[in-house]
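J.: My request is simple: use the sequences and hints to build the entire structure.
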Amino acid sequence: MPQYMLLIYTPVDGPPAGSDPEQSAKWFEYTQSLMDAGVHVAGDALQGVDSATTVRVRDGETQIIDGPFAETKEFLAGYYLLDCPDLDTALGHAARIPNIHYGSTEVRPVLDMSAVLAEAGQGQATQQQ
Amino acid sequence: MHDERRPGATDPAAAVELAFREERAAVLATLIRHVGDFQLAEDALQDAFAAAVATWPRDGVPANPGAWLTTTARRRAIDRLRRARSIADRADRLAELARLDAHENRPDSSVDESAVEDDRLRLIFTCCHPALALPARVALTLRMLGGLTTGEIARAFLVAEPTMGQRLSRAKRKIADAHIPYRVPTDDVLPDRLRGVLMVVYLIFNEGYEASEGDRLVRGELCSEAIRLGRLLAKLMPDDAEVWGLLALMLLHDARRAARVDASGRYVPLDEQDRSLWDQGRIREGLRALERGLPLRRPGPYQLQAAISALHVEAPSPEEADWAQIAQLYGALARMQPSPVVEVNRAVAVAFASGADEGLAVLAPLLDDPALDRYQPLHAAHADLLRRAGDVDGAARAYTRAVELTSNAVERAELERRRDALHGSGRRFAR
Chain A
1 MPQYMLLIYT PVDGPPAGSD PEQSAKWFEY TQSLMDAGVH VAGDALQGVD SATTVRVRDG
61 ETQIIDGPFA ETKEFLAGYY LLDCPDLDTA LGHAARIPNI HYGSTEVRPV LDMSAVLAEA
121 GQGQATQQQ
Chain B
1 MHDERRPGAT DPAAAVELAF REERAAVLAT LIRHVGDFQL AEDALQDAFA AAVATWPRDG
61 VPANPGAWLT TTARRRAIDR LRRARSIADR ADRLAELARL DAHENRPDSS VDESAVEDDR
121 LRLIFTCCHP ALALPARVAL TLRMLGGLTT GEIARAFLVA EPTMGQRLSR AKRKIADAHI
181 PYRVPTDDVL PDRLRGVLMV VYLIFNEGYE ASEGDRLVRG ELCSEAIRLG RLLAKLMPDD
241 AEVWGLLALM LLHDARRAAR VDASGRYVPL DEQDRSLWDQ GRIREGLRAL ERGLPLRRPG
301 PYQLQAAISA LHVEAPSPEE ADWAQIAQLY GALARMQPSP VVEVNRAVAV AFASGADEGL
361 AVLAPLLDDP ALDRYQPLHA AHADLLRRAG DVDGAARAYT RAVELTSNAV ERAELERRRD
421 ALHGSGRRFA R
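Heads up: the sequence lines are chains A and B, in that order.
If you number the first sequence the way the numbering used here does, the last residue is 129 and the count never jumps.
If you number the second sequence the way the numbering used here does, the last residue is 431 and the count never jumps.
No lab work stands behind these hints, which were simulated from the structure alone.
A couple of the hints might just be wrong.
To be verified - Which chain A residues stay away from chain B? Per the calculated CB distances, all over 12 angstroms, these:
id : residue
1  : V49
2  : S51
3  : T62
4  : D66
5  : T72
6  : T89
7  : V107
8  : R108
9  : D112
Unchecked claim - Only some residues are given here: those of chain A computed to face chain B with a beta carbon under 8 angstroms:
id : residue
10 : P2
11 : D86
12 : L87
13 : D88
14 : P109
As the list claims (entries may be wrong) - Label pairs and their calculated CB-CB ranges:
id : chain 1 : residue 1 : chain 2 : residue 2 : range
15 : A       : P21       : B       : G331      : 41 to 51 angstroms
16 : B       : L236      : A       : G48       : 46 to 56 angstroms
17 : A       : S19       : B       : R99       : 35 to 45 angstroms
18 : A       : A25       : B       : D187      : 26 to 36 angstroms
19 : B       : E411      : A       : S19       : 57 to 67 angstroms
20 : B       : Q280      : A       : A37       : 17 to 27 angstroms
21 : A       : D44       : B       : V159      : 34 to 44 angstroms
22 : A       : A95       : B       : V341      : 24 to 34 angstroms
Source: prediction; values computed, not measured.
Where a beta carbon is used, it is the ideal one built from N, C-alpha and C, also for glycine.
T.: Below you can see the structure in the form of structure tokens.
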């Protein structure tokens, strides 16, 4: 079954995660509903962008920068990984995310590695001919 | 295959062409469900048409060309799947295709008509899925359901053919990669999705109807294609009133297509059109479609616009139209879909029904809105109503404002002509 990553974005000036017990209860309830529907694979909230560190290696040199890669109005606040039969099902779950009325969620299909490996295998077979 | 051949009964080349026009969308829709992939289905159907061109002249035209094409295309898809190892669930798909093939060859097998009709609905809803960008939905609908070539769609939308090709293949890839489902949406989202489908069909129609640039033949084809899609939706979803409303609206507009442009290619407004050029068959079909929607008692923007169109075409002359009812219908439309366009039209209708001063009263709030200061149709309508009310100076100022905001040379000339005719006329031309 296809997997979808729900990347949950929230406005920079929105309420910080875990600050409001009423909000937290909604997130727990939502996560439970995903488990009850049998689609939940994984999911976490992330700490704020203040705690982020960006790493890249260029010309053999490791660069470490305080903060996120770019200034934006919305930041990645958390994710869910879901097993869903199709995009409509994933979009349906995304539309129920507790912050969906002020934040936004990007729904991305997970790359099917078995297809990638099959293609790589076919490439090798062609080379051998 | 054990179909009854009728060698010589039909011209094979014409039969292939007919099958392409009449059956392609339905065969493709079923094939996509069977093979589970847009591109594979398209390629396999292409193979099947090539096979028809090669074998029908020799063996005769099959009794049921659609069934022949479906079976042939499915077997070509099996061949293509066997070669394409990169498709992840290849084994599952091959097994399913083999099962379908064996099933169909049983002598008592009958085609499930309702399943086949559902396939075309599946195809429409998938092509118009909101997860695809709007230009991609429009292009994909024309390609898959209309059978237009990539080049034809590119010419209609004034983009380069490779650009349109990329737009189409990206859309097909996204359907496959994101697993956009091939089905009619569930009831909870169906009304929303159907509105989206109607919007795509109406966009296709308007692209053919409104735009002045581009290949005129292809543009006419867009109108015809949109109407074909509208008829298909009305056949498949006859319980939705707005489906009938959209079909009626398109037919009643298209009926006047030949009269909208004069010999020199100039736009002719409704009240100056040669009514003998109107297509009476289209008008009758449009009025029938409108009447089919009314008993469902679910008024919507398409039905309202179609009803306004109907009152225009049913009047023996522009002056004799039922302007009071037209004004009422615009009022209802404004409540559903408030917009300056609708308000300006309502003001004009009110002026015809109850006098220019009443019309000007409808325009007043729009004229106070700074956001509409540069809205040309508002100033053009304002000028016409002031002229009718006998306010020559006010009308002259409003025409000048409208002229300033008009980029179209023909329209500008017409506004200047009206302004220049004001002087010396005074109140004699007041309605």
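J.: The structure should be examined with respect to each hint, and the outcome stated for every one.
T.: So, going through the hints one by one against the coordinates:
| no. | hint | result |
| --- | --- | --- |
| 1 | V49 | holds (28 angstroms) |
| 2 | S51 | holds (32 angstroms) |
| 3 | T62 | holds (34 angstroms) |
| 4 | D66 | holds (35 angstroms) |
| 5 | T72 | holds (22 angstroms) |
| 6 | T89 | violated (8 angstroms) |
| 7 | V107 | violated (8 angstroms) |
| 8 | R108 | violated (8 angstroms) |
| 9 | D112 | violated (5 angstroms) |
| 10 | P2 | holds (5 angstroms) |
| 11 | D86 | holds (4 angstroms) |
| 12 | L87 | holds (5 angstroms) |
| 13 | D88 | holds (5 angstroms) |
| 14 | P109 | holds (5 angstroms) |
| 15 | P21/A with G331/B: 41 to 51 angstroms | holds (50 angstroms) |
| 16 | L236/B with G48/A: 46 to 56 angstroms | holds (51 angstroms) |
| 17 | S19/A with R99/B: 35 to 45 angstroms | violated (56 angstroms) |
| 18 | A25/A with D187/B: 26 to 36 angstroms | holds (30 angstroms) |
| 19 | E411/B with S19/A: 57 to 67 angstroms | holds (58 angstroms) |
| 20 | Q280/B with A37/A: 17 to 27 angstroms | violated (56 angstroms) |
| 21 | D44/A with V159/B: 34 to 44 angstroms | holds (43 angstroms) |
| 22 | A95/A with V341/B: 24 to 34 angstroms | holds (32 angstroms) |
Going through the hint list in order, the structure does not satisfy hints 6, 7, 8, 9, 17 and 20.
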